[in-house]
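Listed below are the residues making up each chain.
Number of protein chains: 2
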Amino acid sequence: MLNRHPTATASLTRIVGAVSAGRSTAGQEIAAAKDRIAEADGEIAAFLRKAPAESLELAAAATGPLAGVAIGVKDIYDTRDMASENGSSIYAGHRPVTDAALVSMARVAGAAIIGKTTTTEFASLDPTPTRNPRNLDHTPGGSSSGSAAAVAAGMIPLAFGSQTGGSVIRPASFCGVAALKPSFRLLPTVGMKTFSYTLDTAGFFAATAEDLALATRLLTGRDLVEGPFGEGGGLRVGIYRSSVDDNVDAEMHAAVEAAAQLLERSGARIVEVEEPAALAEARASHETVQGFEAVMALSDEFRNHRNSLGPKLGAVLDQGAAITPGDYDVARRAARIGRKAASSLFETVDVLIAPSALGPAPKGLESTGDALMNKLWTLTGNPVVNVPGFASSAGLPLGVSVVARFGRDARALAAAALLQDLIAGQ
Amino acid sequence: MLNRHPTATASLTRIVGAVSAGRSTAGQEIAAAKDRIAEADGEIAAFLRKAPAESLELAAAATGPLAGVAIGVKDIYDTRDMASENGSSIYAGHRPVTDAALVSMARVAGAAIIGKTTTTEFASLDPTPTRNPRNLDHTPGGSSSGSAAAVAAGMIPLAFGSQTGGSVIRPASFCGVAALKPSFRLLPTVGMKTFSYTLDTAGFFAATAEDLALATRLLTGRDLVEGPFGEGGGLRVGIYRSSVDDNVDAEMHAAVEAAAQLLERSGARIVEVEEPAALAEARASHETVQGFEAVMALSDEFRNHRNSLGPKLGAVLDQGAAITPGDYDVARRAARIGRKAASSLFETVDVLIAPSALGPAPKGLESTGDALMNKLWTLTGNPVVNVPGFASSAGLPLGVSVVARFGRDARALAAAALLQDLIAGQ
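Quick mapping for you: the protein sequence lines, in order, are chains C and E. Taken in order, the first sequence gives residues 1 to 426; the numbers are from UniProt numbering. Taken in order, the second sequence gives residues 1 to 426; the numbers are from UniProt numbering.
Derived by calculation from the structure, the hints in this document are not laboratory data. The beta-carbon is built from N, C-alpha and C at its ideal position, and this holds for glycine as well. Please note that the accuracy of each hint is not assured.
Claimed, not checked - Distance windows between CB atoms, simulated:
hint : chain 1 : residue 1 : chain 2 : residue 2 : range
1    : E       : ALA38     : C       : ASP318    : 38 to 44 Å
2    : C       : GLY42     : E       : ALA321    : 17 to 23 Å
3    : C       : ALA254    : E       : THR63     : 38 to 44 Å
4    : C       : SER308    : E       : GLU287    : 32 to 38 Å
5    : C       : ILE337    : E       : ALA38     : 52 to 58 Å
6    : E       : HIS94     : C       : GLN426    : 53 to 59 Å
7    : C       : ASP318    : E       : GLY64     : 16 to 22 Å
8    : C       : GLN426    : E       : ALA321    : 42 to 48 Å
9    : C       : GLU57     : E       : LYS50     : 42 to 48 Å
10   : C       : LYS312    : E       : THR63     : 29 to 35 Å
11   : E       : ALA61     : C       : GLY326    : 50 to 56 Å
Unchecked claim - Non-contacting residues of chain C with respect to chain E, defined by C-beta distances greater than 10 Å in every case (computed):
hint : residue
12   : SER104
13   : GLY221
14   : ALA297
15   : THR324
16   : PHE346
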């Protein structure tokens with residue numbers, strides 16, 4: 001049996017239940033989150049800035065379904081009451097006129113936007129000072145570094161991030177929290193700084209897959225009901241064998257096998273699914289799509305502020321500038337073919353499971369790790385949930401991805417919740 | 001023979017040729033555009049604000065392929081050197097940190113961003129004070145009102161607009177200028193205020209389809225070479241008979257028939273294409289897609305500034321707020337099916353021709369007209385070029401749309417250039 005690590009402690013499901021039942025108040029829950037941040041964030045450095053008192057007073061009086069839920073928001077989302085700097089000196093002190101769509105929707109639902117969390121520059125690769133709460137000497141991953149770390153440290157029950165390559169699922173795996181990278185465009189990205197407009201995807205971090213489902217339901221008004229797979233219920237699970245699995249370390253492979261065994265014992269049917277060539281080609285096209293679009297999306301920053309960009313982002317854009325429209329069109333075609341191939345995978349299985357990262361969080365803060373296991377599903381737009389619970393021999397989290405068909409976010413969340421319960425119940 | 005109206009007088013092709021050949025300079029061309037604006041815009045009111053002198057001095061020294069080309073930019077595009085107000089008091093005086101992607105790309109290519117042009121509020125329906133240069137008592141159309149009018153009045157050779165329903169092609173038809181609503185995502189919309197993220201499309205206005213092709217080529221680095229259809233060259237043209245054609249007035253129908261005759265005489269083969277049911281359903285789904293997304297995209301403005309919104313936009317958002325996720329999903333499915341049906345249309349024809357509007361520009365400035373003839377192609381993402389040249393008995397322009405398969409912008413532009421030449425040569 002693999003090691004386990006504990007679930008993050010701030011439970012969205014508990015808070016929503018307690019506030020709606022009158023056992024707690026929004027003000028109490030927000031104050032508790034503030035206290036936890038004050039206590040823990042000194043050594044984690046997940047937060048860049050805290051909400052002004054007036055905003056939290058308003059949130060304490062809110063009555064919506066997310067009342068009392070303190071949300072940390074990655075600093076590439078616009079916020080009307082706090083600076084929004086995109087991890088870049090170019091935007092130092094920048095105050096948007098309006099909230100990003102998702103931020104506004106969260107406020108409408110009664111949530112408290114409690115602060116802005118760290119992001120690599122423009123959600124790319126240059127690291128932040130944020131530390132991994134499971135081991136301070138390790139990266140939390142990126143680009144949604146602060147959001148993953150803040151939830152993992154139990155400071156807040158919900159955080160917003162974004163993924164263009166692997167920026168939600170990878171830090172969730174490294175930090176040992178649940179995370180949803182939903183179907184492309186399930187959540188609006190308006191007011192989120194653009195890096196690559198066919199890839200950028202808003203996503204959530206929470207303690208559990210159950211919390212993620214609840215947050216998504218309350219924010220979008222969608223049912224998101226599926227299953228129950230509680231007793232296995234005929235769930236068909238494919239272990240996804242990709243063409244890049246050789247890069248995955250042994251403990252991560254073991255975590256995926258252990259997940260399959262737990263699911264099988266619960267009644268699920270397990271099959272092996274070999275990656276079709278179209279999906280290997282789609283993965284290989286990700287970098288071209290991303291680089292070409294980033295050069296346009298960040299045209300002003302690249303042309304007028306090249307010298308103030310971080311070295312990793314600068315290199316990404318230099319390479320992107322060499323991509324021709326013809327190269328891009330070829331890559332986009334591979335992506336389109338890949339989306340169809342991804343749909344076909346789910347004709348014989350309900351969900352796929354796969355490694356959420358190459359292994360545990362790398363040591364040091366110089367790199368946020370590798371998005372190799374994530375970027376295919378970002379490109380195809382399939383929903384992915386990171387399931388936490390397993391740990392390496394060194395005690396670092398190892399996340400398992402649950403992937404479903406495009407638009408079947410409810411299925412991915414339900415299967416992930418089942419798997420998370422099975423891991424916790426070992 | 002139908003009446004004709006003259007081509008707009010500022011020629012991008014001439015300016016690019018003259019500057020590159022040393023017969024003119026960027027500075028001279030920019031100064032000439034400034035003079036034309038100073039002379040004409042008093043009664044047209046196409047411009048909201050002019051570029052600062054420093055920006056134009058920099059542009060006068062530019063050496064890129066668009067050097068000397070003065071561009072008017074719809075005020076929903078971010079500009080680093082001018083306020084960007086989105087047609088809304090909510091953004092009064094707002095100065096973005098960086099240029100929108102397309103604005104930056106234009107500057108990189110050497111163009112002069114000479115000023116910001118009027119837009120209806122958030123590119124929706126509440127009219128601007130801009131007048132139609134062909135008849136001051138008539139609307140220029142919207143939402144890209146100022147961009148269409150500024151090119152029509154001969155003030156500038158190129159203007160940027162955007163289309164979510166019919167906001168490029170309709171004002172181009174009303175004002176008698178060429179315009180390109182390209183394939184969805186051919187041009188980046190980053191830094192353009194979002195209304196509906198699966199519909200918003202950046203587009204261009206110029207005197208001729210030839211100018212549009214040159215501008216698009218120089219801005220995107222794409223070849224965009226097609227044809228030549230000069231001698232008819234076997235061009236297969238379908239007259240598109242839609243399920244809403246009964247709403248089109250007799251003179252506009254006559255313009256499309258006249259276009260077909262001119263093309264046939266030039267050697268093209270003309271066929272009739274009846275609208276398939278899937279495309280009638282797709283058109284009917286546009287409003288639901290747009291309304292649902294607009295409520296999310298403008299969440300903050302809608303929730304916090306409802307009373308300062310114009311009455312037409314307010315009504316659009318009120319209706320949008322009543323759309324359920326289930327309704328939206330049904331509409332999105334109709335759109336997806338519609339995109340496939342649209343592609344099938346082009347298995348037997350190279351381009352379709354259709355009315356660009358219900359008729360000439362309506363009298364008065366209270367309404368910007370109807371997008372009924374445009375919104376299907378916005379939803380499907382097919383490229384559309386408005387071909388000017390025909391006029392009503394009252395002398396108001398009547399535009400003909402040339403539509404091509406998704407991604408075949410070059411084909412739409414080449415066929416439109418042929419048609420525009422044929423109309424002018426009558």
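Hints and how they fare:
The hinted range of 38 to 44 Å is satisfied by E/ALA38 and C/ASP318, whose Cβ atoms lie roughly 42 Å apart. C/GLY42 and E/ALA321 have their C-beta atoms about 43 Å apart, which leaves the hinted 17 to 23 Å range violated. Distance hint for C/ALA254 and E/THR63: a CB-CB separation of about 60 Å, inconsistent with the stated range 38 to 44 Å. Take C/SER308 and E/GLU287: their Cβ atoms lie about 44 Å apart, and the range 32 to 38 Å is violated.
For C/ILE337 and E/ALA38, the Cβ-Cβ distance of about 53 Å falls inside the hinted range of 52 to 58 Å, so the restraint holds. Range check, E/HIS94 to C/GLN426: Cβ separation about 54 Å, and the 53 to 59 Å hint holds. Take C/ASP318 and E/GLY64: their Cβ atoms lie about 20 Å apart, and the range 16 to 22 Å holds. Checked against the hint of 42 to 48 Å, the pair C/GLN426 and E/ALA321 passes, with Cβ atoms roughly 46 Å apart.
Range check, C/GLU57 to E/LYS50: Cβ separation about 43 Å, and the 42 to 48 Å hint holds. A hinted range of 29 to 35 Å for the beta carbons of C/LYS312 and E/THR63 is consistent with their spacing of about 31 Å. Here the CB-CB span from E/ALA61 to C/GLY326 is close to 32 Å, at odds with the stated 50 to 56 Å. At the 10 Å boundary, the C-beta of C/SER104 falls inside the reach of chain E, the nearest C-beta of that chain being 4 Å off.
At roughly 6 Å from the closest C-beta of chain E, the C-beta of C/GLY221 falls inside 10 Å, breaking its exclusion from the interface. At roughly 4 Å, the least C-beta separation between C/ALA297 and chain E is not larger than 10 Å, which violates its mark as non-interface. Listed as a non-interface residue, C/THR324 fails to keep its Cβ farther than 10 Å from every Cβ of chain E; the least gap is roughly 7 Å. For C/PHE346, the shortest C-beta to C-beta distance to chain E comes to about 17 Å, beyond the 10 Å cut-off, and the non-interface label holds.
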